[in-house]
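Participant: Start from the sequences and build out the full structure, keeping to the hints where you can.
Quick mapping for you: the protein sequence lines, in order, are chains A and B.
Quick note, the first sequence lines up with residues -18 to 381 if you use this note's numbering.
Quick note, the second sequence lines up with residues -19 to 113 if you use this note's numbering.
Calculated from the structure, these hints are not laboratory results.
Each hint should be verified, as a subset may be incorrect.
[Claimed, not checked] Restricting the straight-line Cα-Cα distance to at most 30 Å, the calculated cross-link-like pairs of lysine-lysine (BS3-like) are:
| id | chain 1 | residue 1 | chain 2 | residue 2 |
| --- | --- | --- | --- | --- |
| 1 | A | K(-4) | A | K245 |
| 2 | A | K13 | A | K318 |
| 3 | A | K327 | B | K102 |
| 4 | B | K(-3) | B | K22 |
| 5 | B | K102 | A | K111 |
| 6 | B | K102 | A | K319 |
| 7 | B | K88 | A | K327 |
| 8 | B | K88 | A | K170 |
| 9 | B | K(-15) | A | K170 |
| 10 | A | K245 | A | K111 |
| 11 | A | K170 | B | K15 |
| 12 | A | K170 | B | K22 |
| 13 | B | K88 | B | K(-15) |
| 14 | A | K55 | A | K245 |
| 15 | B | K(-15) | B | K44 |
| 16 | A | K375 | A | K194 |
| 17 | A | K170 | A | K224 |
| 18 | A | K327 | B | K15 |
| 19 | A | K224 | A | K305 |
| 20 | B | K102 | A | K108 |
| 21 | A | K170 | B | K102 |
| 22 | B | K22 | B | K(-15) |
| 23 | B | K88 | A | K319 |
| 24 | A | K318 | B | K102 |
| 25 | A | K113 | A | K52 |
| 26 | A | K11 | A | K319 |
| 27 | A | K318 | A | K194 |
| 28 | B | K(-3) | B | K(-15) |
| 29 | B | K88 | A | K318 |
| 30 | B | K(-15) | B | K5 |
| 31 | B | K34 | B | K(-3) |
It should be emphasised that the depicted structure is a prediction, and the values quoted were computed from it without experimental measurement.
Chain by chain, the residues:
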Amino acid sequence: MSVERTYQDINERIKKGKAVVLTAEEVISKVKEKGVTRTAQEVDVVTTGTFGPMCSSGVFLNFGHSAPRIKMQKVWLNNVPAYSGIAAVDAYLGVTELPEDDPLNSNYPGEFRYGGGHVIEELVARKPIKLKATSYGTDCYPRREIETTITLDEINEAILFNPRNCYQNYNCAVNLGDRTIYTYMGTLKPRLGNANYSTSGQLSPLLKDPHFKTIGIGTRIFLGGGMGYVVWNGTQHFPGTLKDGNNRDLCGAGGTLSVMGDLKQMSPRWLVGTSFRGYGATLTVGVGLPIPILNEEILYYAAKTDEELYAPIVDYSDAYPNRKPGNLGLVSYAELKKGTIRIMDKEVPTGPLSSYPRAREIAHILKEWIEKGDFLLGEPSQLLPGPAAGLSGKPLNEKE
Amino acid sequence: MAPEKIVLRFSAETADKPIIYHLVKDYDLIINIVKASINPHKEGTMVLELSGEKYKEGISFLRKQGITVQPLTQEVVRNEERCTSCGACTVHCPTQALYMERPSMEVKFDGDNCIVCLMCLKVCPVQAMEVRI
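Facilitator: Structure below.
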């Protein structure tokens, strides 16, 4: 008998402590042993996880009012500028923002040892952060300058808001050129010296629900060690399907999430300041999504293995920077995880950028939260567009 | 006897002499050249792993040639708390001192295989690798 469940059914079982929850790894072995139909009857929720660099992250902060009051037209946190064209004493600090005196790439390749992501990590670690603000004076906000320190617990709000996180799938990056290049996919040695990839494959949230049958506005998630929400589709959300040479569907590609949560609940273990030599600073973010097993089809995709999930191999010396279409072939996550792959008849060592052990830990934590009844599933008020919506990226064309 | 890691410093006058040849030929020492470089002033630095029965004689030969011999005290350490086990370092470590354990995909660090090339300090995205002097 095929199974049909609702969010309410599952949440009732979670409240009673009866929900059967498996991580995305555990459900793979279960399906291998019992098949999709029987496993779907037994399992209520599958948990996923990913822990990798996610540039589009940042935090909205409200500092509280000083006496006399200041509008805070310009704001710096540990010398890193935050965007303050918002309401008085509010600012948004993005993780790729750099100190104004950073040498950037003028001494190539630059180090980018400290940026907005590092400030957020220190903030969430409860370290004191230097706050500097300047402003023009007004009758209600007369003050023109303030320099002090803040800590996360002393300020009013700190809301992590990441407009493009949790990429569904990603390129496996290589370098066909003859010099070392420094990219957001790490340092790539010349002449196919290494191949870097960055998803947790069979644990990766959006690869396990490729048609967005369960993920939408209001989906409750693990975010940075606390509870967060999917609040919209991410920017550049172009969900599609990766196809093989025979136009056969392989797996998901191109979806992204916009996520939000209370930074005060989070932990520096799951928000880590990150630097890419020659490229810039960012933040490594931990995200985990629960997938409610509403029916067999959802389980079928949630149980996909590293052998069935693929990444396109892309040259970052020429094709990627110059936006040339095409790739050097597809490679499965199972092959990538073995440590070497074959490209153009060369054995190439593979290096991940996202942590598989930490992704596994996230899936386990989320499972534990649900089993304990601390985490109920959020039923989306609207699902995100899936591949059927036919969304695709617009190029930026220069005009006269 | 486990090989000793030592740093040799050659002056411009000694940098072009076949010193290592004599260590092998005359003192029967086992040598692994970890790192070698010559600066613009033609002075040389070499990091060696050295072992053999005539180790002491070999060292005194080096000193007689005017070469400075010091133990290698620089050491690369991993900040275990900071390391996220992402694995970005593993494709850049030339001796596999940093490697992925499979199937767990945990990153391991074997300091005995480290040749202090410092590549990991450059490629680690979370600055988990540190050098101790």
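Participant: The structure should be examined with respect to each hint, and the outcome stated for every one.
Facilitator: Going through the hints against the structure:
no.	hint	verdict
1	K(-4)(A) - K245(A)	holds (26 Å)
2	K13(A) - K318(A)	holds (20 Å)
3	K327(A) - K102(B)	holds (26 Å)
4	K(-3)(B) - K22(B)	holds (12 Å)
5	K102(B) - K111(A)	holds (27 Å)
6	K102(B) - K319(A)	holds (24 Å)
7	K88(B) - K327(A)	holds (26 Å)
8	K88(B) - K170(A)	holds (22 Å)
9	K(-15)(B) - K170(A)	holds (28 Å)
10	K245(A) - K111(A)	holds (18 Å)
11	K170(A) - K15(B)	holds (20 Å)
12	K170(A) - K22(B)	holds (29 Å)
13	K88(B) - K(-15)(B)	holds (22 Å)
14	K55(A) - K245(A)	holds (24 Å)
15	K(-15)(B) - K44(B)	holds (20 Å)
16	K375(A) - K194(A)	holds (25 Å)
17	K170(A) - K224(A)	holds (28 Å)
18	K327(A) - K15(B)	holds (27 Å)
19	K224(A) - K305(A)	holds (18 Å)
20	K102(B) - K108(A)	holds (26 Å)
21	K170(A) - K102(B)	holds (13 Å)
22	K22(B) - K(-15)(B)	holds (23 Å)
23	K88(B) - K319(A)	holds (16 Å)
24	K318(A) - K102(B)	holds (23 Å)
25	K113(A) - K52(A)	holds (12 Å)
26	K11(A) - K319(A)	holds (23 Å)
27	K318(A) - K194(A)	holds (28 Å)
28	K(-3)(B) - K(-15)(B)	holds (21 Å)
29	K88(B) - K318(A)	holds (15 Å)
30	K(-15)(B) - K5(B)	holds (20 Å)
31	K34(B) - K(-3)(B)	holds (21 Å)
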